[in-house]
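K.L.:
Chains as they are written, first to last, in numbering that gives the first Met the number 0: chain H, 0 to 231; chain R, 0 to 44.
Since the hints were derived computationally from the structure, they do not count as laboratory data. All figures in this text were calculated on a predicted structure; none of them were measured in a lab.
Examples of chain H residues toward chain R, derived with CB under 10 Å:
#, residue
1, V24
2, A39
3, Q41
4, H51
5, A54
6, A213
Partial chain H-side listing against chain R, Cβ under 8 Å, derived:
#, residue
7, V50
8, I93
9, T101
10, L104
11, K107
12, P108
13, L206
14, F210
15, E220
16, L224
Label-pair ranges, simulated between beta-carbon atoms:
#, chain 1, residue 1, chain 2, residue 2, range
17, R, R34, H, A190, 50 to 56 Å
18, R, M0, H, V135, 41 to 47 Å
19, R, V16, H, L73, 32 to 38 Å
20, H, R212, R, A13, 20 to 26 Å
21, R, G42, H, V180, 52 to 58 Å
22, R, G42, H, V152, 34 to 40 Å
Where is the CB? At the ideal position from N, CA and C, for every residue including glycine.
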Amino acid sequence: MTDVSSPPPATRRIDPVALVALVAVASAYGRAIWFTPPEATQGFAQKILYVHAPAAWVAFLAFGVTALAGAFWLFLKDQRLDRLAESSAEVGVIFTTAVLVTGPLWGKPVWGTWWTWDARLTLTLFLWFIYVGYLVLRGVIPGREQRARYAAVVGILGALLIPFIHLSVYLFRTLHPLPVVARPEGPAMPAVMVTTFFLAFFAFTLLYVAFVRARIALAVERDTLDDAAVGG
Amino acid sequence: MPDNALYYRLAYVATLVLYVGYTISLVVRARALARRRQRQRDGRA
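Taking the hints into account, I'd like the entire structure generated from these sequences.
P.N.:
The structure is reproduced here in structure tokens:
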């Protein structure tokens, strides 16, 4: 039986990773807003890149972690893996939402339209639907093991979209720009912009880690209380 | 240079709202779990 009178959990402590992430994200926003010049052709709208591309990277990372944790859960049946998958998927949905909101805000001034059914945009929207579905699925299955098994399968299948999204700008005729930093011939931006770009990548990756750690702490506490309720 | 700063400001505000909103949701859920823990503890006393 689980003891609910034991000292409560990580949900009440402030995580040092969260503090570092907060400083890093504030630095990234500050540098992008005040210390990085706008690009001559696109104007200030180009600065959307610094919140859009890192959010896309984190979304891919988050769903990749969900798929891997789910795959390992299928073999090991370790509840910690299921909590990691669940937490990472939820955080991934937040970052994919950021991608889907900031993309049209860049598209309107640069392309002249909020949205187009371009391969990369459409596949990213599908990715968002799949992982929202993943979270809904988790919410409607009461049994812990059955929930973890079904979620692992959906999490793995959903992540199969990620390489297609990444390669969509090469595989399909698309409006979406090709990579401007990760290119064999080097970044197509001046150093001041590249520095901001990598700072934002680092900051949002840290934010992902902080969010996932906090979300796992919630899942641990929820499972502890569920076990105590059943046991008592 | 085109005058489109409004879109970039909107994008930055939108992402901040999302991340702060998610942080608040984590805090709200942690508090709900703390209340649940308290109720379960009281129920056993």
